[in-house]
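*Asks:* Chain by chain, the residues:
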Amino acid sequence: MLEVKDLHVTVEKKEILKGLNLTIKAGEVHAIMGPNGAGKSTLSAVIAGKEGYEVTSGSITFEGQDVLEMEIEERAQAGLLLGFQYPVEIPGVKNIYLLKAALNAQRAARGEGDMPAPEFMKLVKEKIAQMQMDPSFLQRAVNEGFSGGEKKRNEILQMLVLQPKLAMLDEIDSGLDIDAMRVVADGVNSLRDSKRAILLVTHYQRLLDYIVPDKVHVLMDGRIVKSGDAELAKELEVQGYEDIVEEPAA
Amino acid sequence: MATEEMEQLVRRDYKEGFVTDIESETVPPGLDESTIAFISNKKGEPDWMLQWRLDAYHQWLKMKSPSWAHLDYPPIDYQAISYYSAPKRPEDMPQSLDEVDPKLLETYEKLGIPLHERAALAGVAVDAVFDSVSVTTTFKKELGEAGVIFCSISDAIRDYPELIKQYLGTVVPVADNYFAALNSAVFTDGSFVFVPEGVTCPMELSTYFRINAANTGQFERTLIICESRAQVSYLEGCTAPMRDENQLHAAVVELVALEDAYIKYSTVQNWYPGDENGVGGIYNFVTKRGDCRGDRSRISWTQVETGSAITWKYPSCVLRGKESVGEFYSVAVTNGRQQADTGTKMIHIGEGTRSYIVSKGISAGRSNQSYRGLVKIGPRAKGARNFTQCDSLLIGDTSGAHTFPYQEIGNSTATVEHEATTSKIGEDQLFYCRSRGISEEDAVSMIVNGFCKDVFQELPMEFAVEAEALLNVTLEGAVG
Ligand SMILES: Nc1ncnc2c1ncn2[C@@H]1O[C@H](COP(=O)(O)OP(=O)(O)O)[C@@H](O)[C@H]1O
Ligand SMILES: [Mg+2]
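Quick mapping for you: the protein sequence lines, in order, are chains A and B.
Taken in order, the first sequence gives residues 1 to 250; the numbers are from UniProt numbering.
Taken in order, the second sequence gives residues 1 to 480; the numbers are from UniProt numbering.
Pulled out of the complex, with its shape left as it was, chain B reads as follows (with noise of 0.2 Å):
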């Protein structure tokens, strides 16, 4: 499309759809070429970018719906999703917490994120996202004095373009499957993280996202880029409140570390899950893929996953730099009738490049749950080597568990092992615990915390501490 049309699309749209509404929060559902530049204008973005996304939503209209992972849902209606909200606030963007909606803070209170003690106590910057808008962001200041950048990715446009026209997209391109070609086209927003050549993080970053007003998807764009010999680590933490109607989150998270760089980026992900029925709940198709790119190199997924409706979720490595290190730590929690389909997909490309994969899978209730691990190693692989742990436990007789392990080895030199346990929750230890006085919902969480014990060390003490209280939650009425 000519960039003449594209203005006068966007012009007319001002004019007939939506004067009123840039004043308003939501954008009424639908998705067309018009709610785009919407997007792109409301977030002040340059010409570029509102090509690259219409240039997405063009591959995306020509794309399909991926089928064949394991989960059953009915289609969704993507011209009945509001793909702009913002919340309501006096000003403009708050420069301090004494200008943030006192409402909104309640409500991340209520959440467990007592912004400013978080912040204070834990050295935590805090990068929180309402809906659609960055709230607030602290620390900022002292991550400069290091010349870490951390900002939402709207701002990330704005003010360092450059950047963002070197990275963006170059680890989860456009078109690479469905619902990243769909975020690419109307990301509202997300985080992005600069750490420059040298510099370790001087403290965990971490941002929380929540779902709030009805029928609004999300759609955050993460991009975190670590210099070389640069430090981060990273955690993005999701809980989200009842609903009534299933909600779609199709984020995009892309990692690059350069020469001896390592990310570390941690998920605890709560979002509403449904009802016992099935009733409700977020669905939840995320892309997520670091890209080792330099020589030694090393990016570490840790995921603890007890919240909705259907996940579908594969964080990856690209494994390119020589010698460069892919981890994959993950814990899934579902119960009544949650769907989730995960798992990672490590590719060795480099020489001597390894990965490592720990999973760990509890299915309750009437809740189906698979893991899709692929491990390819390509021909200039020399020596690679891939270690898979895979263990589901079973808790009650109407769950089920699978595991999907893929291996495409392409270098003889390679050495790929893969270990797969299934358990059902022992009645032996159960009974021993409850025989010590330990309530039935108390035994099992603690005996399903043990079982992922393997994981959770691998998260942010606070954030382990977090995860545990989380599985209790997720756990609840699951036997008895």
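In isolation and in its complexed conformation, chain A is listed as follows (with noise of 0.2 Å):
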């Protein structure tokens, strides 16, 4: 579904990833970890088309499609999603109108028209209280006023409306209280099904207890110098970073 090969970004004359290769296949959930500045939203940043990062060399394709020659939206319509980190205001711009425009626009781009407004309603309704938000955040600017667990919430209930084949959620799991943990995991868990795939960037092992990944990288340096299953992330919670990685390759 995804496959990055060879990714070099360089930020401001600064080399970022250094030759960075990620293969994600339909179904699967991979978790990216590293130490703080390793990159990890750099990778994220870049796949989503975030303008300021330059693609020196390598390769980014999505369901066969060269994504770095692909515009910011078409990325989206095409099924990927990014779950910011930090989340921006948009005063005056309602939550519930962003939701609708950025449905009905990958609609558009799918050949459907818009959804019918009772339709839309009923779907954002559920979802609303899949993520036991109150139904008020509908009607507040987009994330004006939110607090930290409230922005993460809403990222999450926008991923599940939209529905993307890919979503990439960064730090989704920073500054939830474990409740809202618990809330925003089994939000991601019911998005996860055989033609859907998920890439959970985190540097905290704790998301992982609440959405078990198929694969687990761990990202230093610009590289991914290892790769495992879950229980990878349970020995970098005990052996930290740099004892991962000095350890010989198995």
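Simulated from the structure, these hints should not be mistaken for laboratory data.
This list has only true hints and no planted wrong ones.
In silico lysine to aspartate or glutamate, EDC-like type, Cα no more than 16 Å apart, as pairs:
| # | chain 1 | residue 1 | chain 2 | residue 2 |
| --- | --- | --- | --- | --- |
| 1 | A | 94 | B | 454 |
| 2 | A | 25 | A | 214 |
| 3 | B | 322 | B | 295 |
| 4 | A | 100 | B | 442 |
| 5 | A | 25 | A | 3 |
| 6 | B | 453 | A | 144 |
| 7 | A | 94 | B | 468 |
| 8 | A | 14 | A | 54 |
| 9 | A | 50 | B | 428 |
| 10 | B | 453 | A | 89 |
| 11 | B | 345 | B | 176 |
| 12 | A | 18 | A | 6 |
| 13 | A | 50 | B | 427 |
| 14 | A | 195 | A | 214 |
| 15 | A | 50 | B | 440 |
| 16 | B | 264 | B | 204 |
| 17 | B | 424 | A | 89 |
| 18 | A | 94 | B | 442 |
| 19 | B | 165 | B | 155 |
| 20 | A | 5 | A | 66 |
| 21 | A | 195 | A | 28 |
| 22 | A | 50 | A | 71 |
Chain A regions said to be covered by chain B (calculated; three or more residues, Cβ under 8 Å):
| # | region |
| --- | --- |
| 23 | 66–80 |
| 24 | 104–110 |
Cβ atoms here follow ideal geometry from the backbone N, Cα and C, with glycine treated the same way.
Using the hints, build the complex out of the two chains.
*Replies:* Put into structure tokens, the structure is as follows:
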């Protein structure tokens, strides 16, 4: 589904990703872990198309399409979704309005018409209940005055409404208390099926107790230095990043 | 000038210059006393009105075009403009929609103004102005039953001369400024609203203006009067088709609010802005002023300005009555090479007067925009208060925004607060929206609409929707 090959990315003349390889298949949940500043957010941002990152070499393909040739919105329309580490506030734009515009834009790209209003309302009500958010959030401006945890729930709400094929969730667990973590994790798990994939970016093992990944990768200094299954995350917890890397490859 | 001479002049002009032109629809370009006499005669005006116009004309001749605004345009050749044009009609004034030229109605449809539907659905009375003549007036009867007068200014001059004499030019004096003087001399149409004591106008009143024929300046004159405890909400909307040459538009709007009266005046302005090189487009020089004459009266201006090549416009309030309130809510959007110099003046004269100013300016492309606001507190305005919020949003790197707040405070018990922000449209906000699948253009308009929300919510519901649509049209191609 997603194929990242030998990706080199430079930000403001500094090389951040230095030959990164990653393959994600439909139905899989991958977790990327690594210390602060390793380049985790850079990876998901480059896949989503954020400006200011220069891809100096390498390739990204999603379902056979050359992602680097696509506009930001085309990537989203193709089924990629980035859940932000720090969701931005958009004053004056209602949450429900953004949801509707996004959903209908993606439908239009698939050649479908707008979702009829009653069906849309039903869908949104169901998802907002699932996220245990108060319906009043729909009428508030996007992320404006939301607490950290509320912003994260809101990201997952968008994901549930948009139903992406590949969701990349950047530090979706940061700033969440244990109850909120459970709600967010349940939301993410409800998206899991054989046709979709999820890429979790985190530097804590905790989230992975709730969303058990198929694969775990350790990202350090711009490369994936180690990959394994869910057990690897637990080892990391005990040993720390430096030790894991120094251990000779099995 | 003596009356006799004037009459001679009028007669002579008919004989020599305009005999055939009376039948025709447009006078040749040019402005002199005979042009004014022609207009006045065409409108069937009484002599005092003609004299009023000629007086304005003579004052105008002595005045100079203002140069203080932050605008750049070539000098206007006032002799190259035609000052009167009317659409072709089979009969005289149509009595109902059935009698209106279907072609004309078609044009309105294209502009998104299906008159009968709009009127029926929204309960809006429409006094539509096509070029210089009122084409159709609906709901006149219902309004009549409430005692509200809503008609063209020409009709009002004929049918309500006492009201016109009492109020016309009392808010914006003939020689107030260059463009107001010109308007006073040559205005051809516009609306008149009179809401008598204690009456709340039963519906929104709305007028759509449109410039159509080539090279015709449009000079509307609008006068709205609310007697004690009367209320009215009025909306003026404009759209203009593509034009090659710049067209002059110099309107005057006068509002009078007596004791406890409330006038809400909303404008959606979408004159043709010219192409991306600044060719064509409307020059919009407007004088709008409200006079809160009575105690506790309130006048509220809401404007959405998306069009025109050049906008020069400062809807203002004179807060004369004790505890009267003036409000100004504005969204101005410029793109391409548009230039806008707009703002407001709040003149606090009475005790305990209050004013609110919320101005949102959005500049894209190579456009330039200035907010110019004056808050003046007179010596008797004890405890007066003003709050000004002035926000500018820049799209791209080649547009400009300037803020010129002026304050003249003549009473130490007054409170004047001013807040201003300038921001660039957030890359992060754009990325966020686009990463949800929303196109860049839609994302921009979504963010901009959000930025303008405080003002849009002041607009009547159906017009708020229209305003958002207009904003989107204006910002097309603003990024990327
Ligand atoms: N826009 C930027 N400008 C300059 N440096 C950046 C920018 N974005 C990221 N970086 C740098 O790139 C490195 C990786 O950042 P990031 O991908 O956010 O790491 P992580 O998410 O793993 O903590 C850091 O050193 C960070 O300072
Ligand atoms: Mg990060």
